[in-house]
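> Here the protein sequences line up with chains A and B, keeping their order. For what it's worth, our numbering labels the leading residue of the first sequence as 23, then goes sequentially. For what it's worth, our numbering labels the leading residue of the second sequence as 23, then goes sequentially.
Simulated from the structure, these hints should not be mistaken for lab results. Bear in mind that the values here come from a model prediction, so they are computed numbers and not experimental data. Any given hint might turn out to be false.
Take a look, some chain B residues computed to stay more than 10 angstroms from chain A by CB distance [unchecked claim]:
id : residue
1  : D50
2  : H64
3  : W72
4  : W81
5  : T100
6  : H165
7  : E183
8  : R192
9  : R216
10 : I227
Calculated cross-link-like contacts (lysine to aspartate or glutamate; reagent style EDC-like; alpha-carbon spacing at most 20 angstroms) [claimed, not checked]:
id : chain 1 : residue 1 : chain 2 : residue 2
11 : A       : K60       : B       : D89
12 : A       : K158      : A       : E143
13 : A       : K60       : B       : D84
14 : B       : K60       : A       : D84
15 : B       : K60       : B       : D84
16 : B       : K60       : A       : E143
Even for Gly, the Cβ is constructed at its ideal location relative to N, Cα and C.
There are 2 protein chains.
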Amino acid sequence: MSDPTANAPVTIGILGGMGPQAGIDLVDKITAQTRAVKDQDHLPVILLSWPQVPDRTGWLADPSLPDPAPVIAEGLLTLERAGAGVAAMACNTAHTPAIFDRVRSQLESAGAGLRIFHLIEETVLGIARQLPEIRKVGILGTHGTLSSGLYHHVLDEHGFETFSPSDTNRLSNAIYSPNTGIKAFSNPVTETARQEVLSATRELIDRGAEAVILGCTELPLAVPEPEWNGIPLIDPASMLTRSLIRAVAPDRLG
Amino acid sequence: MSDPTANAPVTIGILGGMGPQAGIDLVDKITAQTRAVKDQDHLPVILLSWPQVPDRTGWLADPSLPDPAPVIAEGLLTLERAGAGVAAMACNTAHTPAIFDRVRSQLESAGAGLRIFHLIEETVLGIARQLPEIRKVGILGTHGTLSSGLYHHVLDEHGFETFSPSDTNRLSNAIYSPNTGIKAFSNPVTETARQEVLSATRELIDRGAEAVILGCTELPLAVPEPEWNGIPLIDPASMLTRSLIRAVAPDRLG
Numbered sequence: 023m024s025d026p027t028a029n030a031p032v033t034i035g036i037l038g039g040m041g042p043q044a045g046i047d048l049v050d051k052i053t054a055q056t057r058a059v060k061d062q063d064h065l066p067v068i069l070l071s072w073p074q075v076p077d078r079t080g081w082l083a084d085p086s087l088p089d090p091a092p093v094i095a096e097g098l099l100t101l102e103r104a105g106a107g108v109a110a111m112a113c114n115t116a117h118t119p120a121i122f123d124r125v126r127s128q129l130e131s132a133g134a135g136l137r138i139f140h141l142i143e144e145t146v147l148g149i150a151r152q153l154p155e156i157r158k159v160g161i162l163g164t165h166g167t168l169s170s171g172l173y174h175h176v177l178d179e180h181g182f183e184t185f186s187p188s189d190t191n192r193l194s195n196a197i198y199s200p201n202t203g204i205k206a207f208s209n210p211v212t213e214t215a216r217q218e219v220l221s222a223t224r225e226l227i228d229r230g231a232e233a234v235i236l237g238c239t240e241l242p243l244a245v246p247e248p249e250w251n252g253i254p255l256i257d258p259a260s261m262l263t264r265s266l267i268r269a270v271a272p273d274r275l276g
Numbered sequence: 023m024s025d026p027t028a029n030a031p032v033t034i035g036i037l038g039g040m041g042p043q044a045g046i047d048l049v050d051k052i053t054a055q056t057r058a059v060k061d062q063d064h065l066p067v068i069l070l071s072w073p074q075v076p077d078r079t080g081w082l083a084d085p086s087l088p089d090p091a092p093v094i095a096e097g098l099l100t101l102e103r104a105g106a107g108v109a110a111m112a113c114n115t116a117h118t119p120a121i122f123d124r125v126r127s128q129l130e131s132a133g134a135g136l137r138i139f140h141l142i143e144e145t146v147l148g149i150a151r152q153l154p155e156i157r158k159v160g161i162l163g164t165h166g167t168l169s170s171g172l173y174h175h176v177l178d179e180h181g182f183e184t185f186s187p188s189d190t191n192r193l194s195n196a197i198y199s200p201n202t203g204i205k206a207f208s209n210p211v212t213e214t215a216r217q218e219v220l221s222a223t224r225e226l227i228d229r230g231a232e233a234v235i236l237g238c239t240e241l242p243l244a245v246p247e248p249e250w251n252g253i254p255l256i257d258p259a260s261m262l263t264r265s266l267i268r269a270v271a272p273d274r275l276g
């Protein structure tokens, strides 16, 4: 049996489905940012889209609900068994320490060798590398991401000043509403959801943010622009994509 | 350990990477055509994007080149081991009997239980179901797909009259050219490639085609319109998507 990956880079595993469009979007970015003129120049990728992972924000608010951590750990182990050598998750809230730390310890217990790239750490490292002049960073995300201080904590460690919206419910509604939210209508996103995201962005810029992190994988679907009124909008998935390609095939980073 | 797929539909496996954008596009269509208001309503999907599968058209033209069949079979077995119960490939040329029949026999030898949905058969069944008045069908595709009679054979069996372009090299160039081709520039596609595809479409319509199959997974990236001058443009991936969703969760077909 020929081994298709004999001379190929290490396979990148993506745990998606949280939501499904965000996982697809991440694989799409890997393809778009890989320098290639024929199929065989591209990188091997496995996307495991498991929308059945219990809702992360829901569990953080009420730990009596189904726990996402063991399902996420099982998904990452499935990726490793299918051949992935590095992996990442297309979901900000899944990186909350209350979830992520238990995922990591379950992987260790299972003897996993998979190297996990941490969406939030790669984003903050990417800002420090690409935008060295910036010190004040705004953060948008689900109520779960914002109230857990997920980005704040990592940004603090790197010496950034941080801002988040005064009303996190309106932003969560833009993501979760069954009538207009991005999870229900991702392609295209509703104008209602987009305006809500832009309104929160404006608030952070007015308060002094020099860059704004779109800290929920759904948000860049609503606001794909790389900047807003001259202020960089940071898509964590793009930062993560560059870290993943750099790790497995630095010469193919487009 | 909780089993995330305990109450979930059968997992859909997609062997992609042929090219990468076509595999992503197929998973995207599955998400878009699934009726869902929250993540957990979506279907579990595994995309194995293996761009290292040797070029199918190249091998058909010169069987001394690396053989794609064993790599494709290994990819499908990997999908089954990772949990897929049904599977499909986002590549027309991989369904050529000279390749596909050997893949199928390798899966049988390996005792695979995976149900493979055949892109070409599902497309022709879809036309017969959705467009029952149509009898004359034009076919666009790579030189390999067209010269092997892949669609012609299945369409003939269902009583359709078939047409293909007089100059298959120009169309292959629109797909493969390293300077303007869709494999090298898929997002966005170059205007040169799009015009070449439209020119071949016009030729088939002028000769009497009542529908035109975009019989290479790259072609709908260049011409995403559902019809051209009133003539339906058939995207095989859309037909396949509907068959896959119908197989695993008919109540969620959007």
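> If a hint holds in the structure, say so; if it does not, say that too.
Cross-check of the supplied hints:
1. D50: violated (5 angstroms)
2. H64: violated (4 angstroms)
3. W72: At roughly 6 angstroms from the nearest Cβ of chain A, B:W72 sits no farther out than 10 angstroms, so the non-interface label is violated.
4. W81: holds (12 angstroms)
5. T100: Since the minimum Cβ distance to chain A is about 6 angstroms, B:T100 lies within 10 angstroms and the statement is violated.
6. H165: Holds: least Cβ distance 16 angstroms, greater than 10 angstroms.
7. E183: Per Cβ check, B:E183 is outside 10 angstroms of chain A; nearest 33 angstroms; holds.
8. R192: Non-interface label on B:R192 holds, nearest chain A Cβ at 19 angstroms vs cutoff 10 angstroms.
9. R216: Holds, since 18 angstroms exceeds 10 angstroms.
10. I227: Holds, because the least Cβ-Cβ distance between B:I227 and chain A comes to about 29 angstroms, which exceeds 10 angstroms.
11. A:K60 with B:D89: holds (17 angstroms)
12. A:K158 with A:E143: holds (17 angstroms)
13. A:K60 with B:D84: Since the Cα atoms of A:K60 and B:D84 sit roughly 18 angstroms apart, the hinted pair holds (cutoff 20 angstroms).
14. B:K60 with A:D84: holds (18 angstroms)
15. B:K60 with B:D84: violated (48 angstroms)
16. B:K60 with A:E143: violated (27 angstroms)
Hint compliance for this structure: hints 1, 2, 3, 5, 15, 16 are not met, and every other hint is.
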